[in-house]
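The listed protein sequences derive, respectively, from chains A and B.
Numbered according to our numbering, the first sequence spans residues 661 to 775.
Numbered according to our numbering, the second sequence spans residues 51 to 164.
Calculated from the structure, these hints are not laboratory results.
Keep in mind that a hint or two might mislead.
Unchecked claim - Derived BS3-like pairs (lysine-lysine); straight-line CA-CA distance at most 30 Å:
hint, chain 1, residue 1, chain 2, residue 2
1, A, K729, B, K65
2, A, K767, B, K94
3, B, K61, A, K729
4, B, K61, B, K121
5, B, K121, A, K729
6, B, K61, B, K94
7, A, K767, B, K121
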Amino acid sequence: DAKTTQPTSMDCAEGRAANLPCNHSTISGNEYVYWYRQIHSQGPQYIIHGLKNNETNEMASLIITEDRKSSTLILPHATLRDTAVYYCIVPGLRNSGGSNYKLTFGKGTLLTVNP
Amino acid sequence: EAGVAQSPRYKIIEKRQSVAFWCNPISGHATLYWYQQILGQGPKLLIQFQNNGVVDDSQLPKDRFSAERLKGVDSTLKIQPAKLEDSAVYLCASSLRGISYGYTFGSGTRLTVV
């Protein structure tokens, strides 16, 4: 699996954009990048995933650099409810049986949105 | 759709006792996962089921942990006997066809071993 590196913690003001970086310099050409978040006392929640092109959904945008060695998750207008641990995950390449293709969580980035 | 249901929400036991956790995945989700999350760390995968068969249990401490998924629906995770270091949140997740479709996690069971 490609190793990911994320800052331990970040702060953001409510209403501003939160930009969460992730470094995955050993990623290979066909590996996806996934983002999940975990709000206190809840299970992780899927946010978004991408391969090469930038992706956007109702929750966030994912910007992947052209060389794919890093990505940024963008929450365009952060609210207090976005305070959570954000995980950037690169699960690797799927083998024929798919048994290796699973989410492996690191420590993530604790994003604190301040009023 | 209903989410992943887990019970109990909290459990406190003494070391060397036994404990079991229950998970009901989203209807139709073939893949089920059990994760262990120790305070301050990310979740760690213990076991993965595809329908009622085990796909990966390489990180399950098999001397004390066991899991089953009868009829490919509900699942139970058991610890016998428990140790202090088993204190953690045990999370169950399910997925329609694996990672590409996203995992849906339950709220977990917080286990405290004293």
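| Among all the numbered hints in the text so far, which are the ones the structure does not match? | 1, 3, 5 and 7
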